[in-house]
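A.B. asks: Each chain, written out:
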Amino acid sequence: MGMRRKVGGFVLRVNPILCDGFGHCHELAPELVKVDEWGYPIIVNTPTPLADLGALESARYAVRGCPRQALNIERIAEQP
Amino acid sequence: MIPSHTLPRVLHGAVGRPLTLEQHEEAFAMAERPGTLLEQLEASGLTGRGGAAFPTFRKVQLIRSQRHHTKFVVVNAMEGEPAAHKDQTLLSANPHLVLDGAEFLASMIGAKNIAICVARDNPTVVNHVGRAIHERTRRSLRGPKLELHTPPWRYVAGEESALIHWLDDNKSLPQYRPQKPHILRIGHSPALVDNAETCAHVGLIGRYGADWFRGLGTHDSPGSTLVSLSGAVDRPTVLEVPLGTSLRSILEAGGADPDPQALLTGGYGGAWLSGVHLDAPFTNQALGPLGGTVGAGILVVLPKSGCGLVETQRIAKWMANESARQCGPCAFGLPALADDLAQLTHGSHDPQAVFVRLVERCGVIEGRGACRHPDGVTRLVKSALNVFAEDIERHMRGAPCTGSRSSQHYVQVPNLEREEELVWE
Chain A
1 MGMRRKVGGF VLRVNPILCD GFGHCHELAP ELVKVDEWGY PIIVNTPTPL
51 ADLGALESAR YAVRGCPRQA LNIERIAEQP
Chain B
81 MIPSHTLPRV LHGAVGRPLT LEQHEEAFAM AERPGTLLEQ LEASGLTGRG
131 GAAFPTFRKV QLIRSQRHHT KFVVVNAMEG EPAAHKDQTL LSANPHLVLD
181 GAEFLASMIG AKNIAICVAR DNPTVVNHVG RAIHERTRRS LRGPKLELHT
231 PPWRYVAGEE SALIHWLDDN KSLPQYRPQK PHILRIGHSP ALVDNAETCA
281 HVGLIGRYGA DWFRGLGTHD SPGSTLVSLS GAVDRPTVLE VPLGTSLRSI
331 LEAGGADPDP QALLTGGYGG AWLSGVHLDA PFTNQALGPL GGTVGAGILV
381 VLPKSGCGLV ETQRIAKWMA NESARQCGPC AFGLPALADD LAQLTHGSHD
431 PQAVFVRLVE RCGVIEGRGA CRHPDGVTRL VKSALNVFAE DIERHMRGAP
481 CTGSRSSQHY VQVPNLEREE ELVWE
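Line by line, the protein sequences are chains A and B. Residues in the first sequence are numbered from 1 upward in steps of one, following our numbering. Residues in the second sequence are numbered from 81 upward in steps of one, following our numbering.
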């Protein structure tokens, strides 16, 4: 992995069609994913800064841990 | 050339006896084309009439900028809303105008195929369109290829990505579109999806030009629109009115209750509008701040004797059943909303908690489906909580209005007999 500039932020996105509500994402990234009463993820909508390495790490865990592969990380350029 | 200030524009001829190709060409004589089609479309400021009111020109330009050897124009006449009759009325009065518009759109984006989608539950309209296509192909085989498709009738089957999914893969389920604007594709070919009424307007703009089109309506929303009026009316009708007509005069023209309790605007995924706003003009710009919407041009009149809460509950229950059950928040959330509304309407041991839970659930469900179906229902429920606040208060105190006990309902909802055997194709 090369050095990436830690500018901008990222948002976790879920494909609601693929998602079956396993809840792994909530376990793996509790700071980014809440769960509604039916077990489906509610994802924090505001971009998290990429510099927040802990959050980025847990987001990656969530993406890899999703049994349906419904999650992905979307990079968002920093708002001026 | 028909003068710009007269109506009807698109709803020409008798419903049920569609104009033949000869009659159509006689009625809408081809004027010499005023400049290029694309410029005329941009200048006309036409917005989609299917509900979202997205500028048609921008959509055309997006597909036009795609480089691909095959493209599609899809005419959406699915009409999923049970309260809407405008597309079927239009197609059974004047199918050739819609086909003309589709051909204009095809020439603008360079498409060689046009697919007209009509729900198969409506065989009369399917016949009318089939005959119109036959007349055209018998006349000449040049121009884009016209095809008639008949997907099954479902509320979300008329959603554009579901329609494309049907044409692509015979599944009328909405697709996940993470980025906006998203280009819908049949196979690899980009497709332009437009409502049948929008196509009819394009057919007229291509003939008479943008200045003619702007002869009616307001500056921000020019042109005329079809309104499906039902509820407390003499008989449900489809009217063509200029955008910006006051709601009161639309109700008057349709023979509706002149002093209604509320109006359902925009359709079943729309919003209730209180009866005190009757003088508002029928445009998105004017209705938006009041909480209403033009949507697909649906107005359902709820009289003073009706109960808004009961009607909302019936709509929510039906909409919950019509969910494609692909996304969890929609599949589980909408039945829960309908259930909460039923408890508010018919009483429960703790109405205050039910009310709080309902508001909370509305916020949770919103924006979490692949399509806008759950958002439409939450918008409807939230507007009902605003507009019928006093009535809800009474229901919660255990003294429901008389309207809720009567068996007469004003919003048409198809019965849920087939609830168990709901099969998604």
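Honestly, the hints are just simulated from the structure, not real lab data. Hints are not guaranteed to be accurate.
[Stated by the list, open to error] For lysine-lysine, the following DSS-like pairs were computed, each having C-alpha atoms within a straight-line distance of at most 27 angstroms:
| hint | chain 1 | residue 1 | chain 2 | residue 2 |
| --- | --- | --- | --- | --- |
| 1 | B | K397 | B | K462 |
| 2 | A | K34 | B | K462 |
| 3 | B | K397 | B | K384 |
| 4 | B | K251 | A | K34 |
| 5 | B | K251 | B | K225 |
| 6 | B | K260 | B | K384 |
[Said to hold, decoys possible] If you only want the chain A side, here are some residues facing chain B, beta carbon under 7 angstroms, derived:
| hint | residue |
| --- | --- |
| 7 | N15 |
| 8 | I17 |
| 9 | G21 |
| 10 | D36 |
[Stated by the list, open to error] Label pairs and their in silico Cβ distance ranges:
| hint | chain 1 | residue 1 | chain 2 | residue 2 | range |
| --- | --- | --- | --- | --- | --- |
| 11 | A | L18 | B | K225 | 34 to 42 angstroms |
| 12 | A | R75 | B | M110 | 49 to 57 angstroms |
| 13 | B | H229 | A | G54 | 19 to 27 angstroms |
| 14 | A | E74 | B | H229 | 29 to 37 angstroms |
| 15 | A | P49 | B | H85 | 24 to 32 angstroms |
| 16 | B | E105 | A | I76 | 25 to 33 angstroms |
Virtual Cβ for every residue (Gly too), placed ideally from N, Cα, C.
A.B. asks: Next step is simple, just say for each hint if it's right about the structure.
C.D. replies: Here's how the hints hold up against the structure:
no., hint, verdict
1, B:K397 with B:K462, "holds (15 angstroms)"
2, A:K34 with B:K462, "holds (23 angstroms)"
3, B:K397 with B:K384, "holds (23 angstroms)"
4, B:K251 with A:K34, "violated (32 angstroms)"
5, B:K251 with B:K225, "holds (23 angstroms)"
6, B:K260 with B:K384, "violated (42 angstroms)"
7, N15, "holds (5 angstroms)"
8, I17, "holds (5 angstroms)"
9, G21, "holds (5 angstroms)"
10, D36, "holds (5 angstroms)"
11, A:L18 with B:K225: 34 to 42 angstroms, "holds (35 angstroms)"
12, A:R75 with B:M110: 49 to 57 angstroms, "holds (52 angstroms)"
13, B:H229 with A:G54: 19 to 27 angstroms, "violated (51 angstroms)"
14, A:E74 with B:H229: 29 to 37 angstroms, "holds (34 angstroms)"
15, A:P49 with B:H85: 24 to 32 angstroms, "violated (58 angstroms)"
16, B:E105 with A:I76: 25 to 33 angstroms, "violated (53 angstroms)"
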